[in-house]
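Protein chains: 2
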Amino acid sequence: MNNPIIIAIDAMGGDNSPNKIIEGISIHSKKSLKVQYKIFGNQNLIDPLIKKYNLQSDRFTISHTDKIVENEDTALVAAKRGKKTSLWLAIESLKNDEAHAIVSAGNTGALFLISKLNLKMIDNIDKPALSALWPSKRGMNVVLDLGANIECSSKNLVDFSIMGSALLKALYENVKPNVALLNIGSEELKGNAMIKDTYQILNEKKYQLFDFNGYIEGNNIMEGDVNVIVADGFTGNIALKTAEGTSNFIISELKKALSSNIIGKLSSLLNFKNLQKFKNKLDPRLYNGAILLGLSKPVIKSHGSTDSIGFANSLKVCEQTIRGKLIEQIKENIR
Amino acid sequence: MNNPIIIAIDAMGGDNSPNKIIEGISIHSKKSLKVQYKIFGNQNLIDPLIKKYNLQSDRFTISHTDKIVENEDTALVAAKRGKKTSLWLAIESLKNDEAHAIVSAGNTGALFLISKLNLKMIDNIDKPALSALWPSKRGMNVVLDLGANIECSSKNLVDFSIMGSALLKALYENVKPNVALLNIGSEELKGNAMIKDTYQILNEKKYQLFDFNGYIEGNNIMEGDVNVIVADGFTGNIALKTAEGTSNFIISELKKALSSNIIGKLSSLLNFKNLQKFKNKLDPRLYNGAILLGLSKPVIKSHGSTDSIGFANSLKVCEQTIRGKLIEQIKENIR
Chain A
430 MNNPIIIAID AMGGDNSPNK IIEGISIHSK KSLKVQYKIF GNQNLIDPLI
480 KKYNLQSDRF TISHTDKIVE NEDTALVAAK RGKKTSLWLA IESLKNDEAH
530 AIVSAGNTGA LFLISKLNLK MIDNIDKPAL SALWPSKRGM NVVLDLGANI
580 ECSSKNLVDF SIMGSALLKA LYENVKPNVA LLNIGSEELK GNAMIKDTYQ
630 ILNEKKYQLF DFNGYIEGNN IMEGDVNVIV ADGFTGNIAL KTAEGTSNFI
680 ISELKKALSS NIIGKLSSLL NFKNLQKFKN KLDPRLYNGA ILLGLSKPVI
730 KSHGSTDSIG FANSLKVCEQ TIRGKLIEQI KENIR
Chain B
430 MNNPIIIAID AMGGDNSPNK IIEGISIHSK KSLKVQYKIF GNQNLIDPLI
480 KKYNLQSDRF TISHTDKIVE NEDTALVAAK RGKKTSLWLA IESLKNDEAH
530 AIVSAGNTGA LFLISKLNLK MIDNIDKPAL SALWPSKRGM NVVLDLGANI
580 ECSSKNLVDF SIMGSALLKA LYENVKPNVA LLNIGSEELK GNAMIKDTYQ
630 ILNEKKYQLF DFNGYIEGNN IMEGDVNVIV ADGFTGNIAL KTAEGTSNFI
680 ISELKKALSS NIIGKLSSLL NFKNLQKFKN KLDPRLYNGA ILLGLSKPVI
730 KSHGSTDSIG FANSLKVCEQ TIRGKLIEQI KENIR
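In order, the protein sequences belong to chains A and B. Using my numbering, the letters of the first sequence correspond one by one to residues 430 to 764. Using my numbering, the letters of the second sequence correspond one by one to residues 430 to 764.
Just so you know, the hints here were simulated from the structure itself, not pulled from any lab data. Be aware that one or more of the hints could be misleading.
Pairs involving identical chains hold if they fit within one copy or between any two copies, as the list cannot separate such chains.
As a list, the in silico EDC-like pairs of lysine to aspartate or glutamate whose alpha-carbon atoms are at most 16 Å apart [as the list claims (entries may be wrong)]: (1) K708 x E682; (2) K710 x E646; (3) K706 x E682.
If you're wondering where the values come from, they're calculated on a predicted model, not measured in any experiment.
Extracted from the complex, chain A is given alone in its bound form (with noise of 0.2 Å):
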């Protein structure tokens, strides 16, 4: 691709708007330099962290405007907020092919609810899905639905096995995706109905993409033996969140662990590069940046909590999801 990929980005949403997006974008911009940044947001505010970041002046465009999309605001409320908020004026750059992809770090209801009356739905597919990356012992796995859809169907589930295989090519083109239904045990016999009808489906028809690997139990996500891992909504968001909750609570334990005395103290800090290399492997920032997928242009959404390393890492996700061919890749193999 020698054509420069074009970011569109609300500036304005998540915490720390738009300080941390023009430091994300200052810190992508010099890794990636085939990249051009689409700015939407207040050019008052946006306008001296440009000068602090020292981003290059034919790197970034920025178009103004000071209405912006509420954290608290129902995705209802957010489109009603009309055309002009920095969201919708991103989301309208991608419609009028202007932009390649589109990232914010700000609500994710507006965000997928104003793409999707944007953007055109990929053809045969039914309803979009939230995918992320989840790091597991032998590399990364793509998790999908997210939440985006609490009840789907087989043909969902299907569909959602195709479009996260699809995104681990684009992002890792070397590897064979190995999907498997997120399930409760392992035994064709468990699992409600839905579930059983695509094990069927995925079983008995062949896609040339990925291999299918049946069912995996919550305790295996992350062993590296599947690297598509596709469920509900509902059950994608439980087991995404429990295991963020987990993470977190072994972190803080053994934190605790190290720091209560003296000695714990003094062999922590002699121990310090490697804890630093076990906390860099489990850095949330690494993993930032999830993928409404089904939709015809990529749509990211960064954590709203995350700093401007974690927000250069989304624009990372936007520039493979592009140079990977992501969009083309799902249109292929859906049919």
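Since the structure of chain A is already known, use the hints to place chain B on it.
Frame of chain A; chain B shown alone:
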């Protein structure tokens, strides 16, 4: 309670049984002087272990049988093996009021089905639920249902709230149960219709036994703000297993980091005691013993792969449910 507590034990289920079972009884018997053990299994295998682990002759009886339920049996096949298996006989002794609780480390489905065939349900409860202990930042949580019922009604979830609260009270006399429903958003609007109905019922009716705290998301399960977490069996199982997998993943990453070079190894050695404390807090053996709630007697499931320390802990759970009058507390509150 002055009369001794009698625990019926299927000695033949799970990995490395009856060895770990008899050793576990020996460990427990030294701490709990007023407990009697009714052991069901192959006397030829058990007798030498009784000697090996020095079990006092006035603390136990053995009922011999050479029939056992296999781990691979479906529940139905296990039930059809008939009334002479160690599992069936152990459960039957509860039915005949010869014991107060039953524990098995064997086949879960068989334990549930044969228990349901032999023991009555508590009046007004439609479905039994599987519950377990789960550590939090502030103490211990009870979580249920962990997989006994894939589909649940709001009536079931209300029952689970009462039963889980009664269990928490039986185990920790001075703790006030705080119930929350596991859901994907803390706002009242999210979740499926069944969960919303349950919310309405629990919110309107006031219960003496517990406070109702609304919804909880997976990432907050271990914060300790609530201590009884209620879900349908599918959702609860996904959460439990995902927490288990996440915990294993993090511990394995931590081990890698701490042993990747000589400095790591040395300082971990220096920090041994602190790391040990950390390890102990997360030791799954300490939480071993899941409780099937809703039947007229306590039915305890030990993890099949646990060792004698874990099994001793499931005996402690048996004892606590009896001393804490679990069944009586459920009956009093279920009306």
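(request) At 16 Å max between alpha carbons, let me know whether K708 reaches E682 within a copy, between copies, both or neither. (result) both (14 Å within a copy, 9 Å between copies)
(message) When Cα atoms must be at most 16 Å apart, do K710 and E646 count as within-copy, between-copy, both, or neither?
(response) neither (23 Å within a copy, 24 Å between copies)
(request) First find the shortest C-alpha distance between K706 and E682 inside one copy, then the shortest across copies, and answer within, between, both or neither for a cut-off of 16 Å. (result) between (18 Å within a copy, 9 Å between copies)
Violated hints amount to a single one, hint 2; each of the other numbered hints is respected by the structure.
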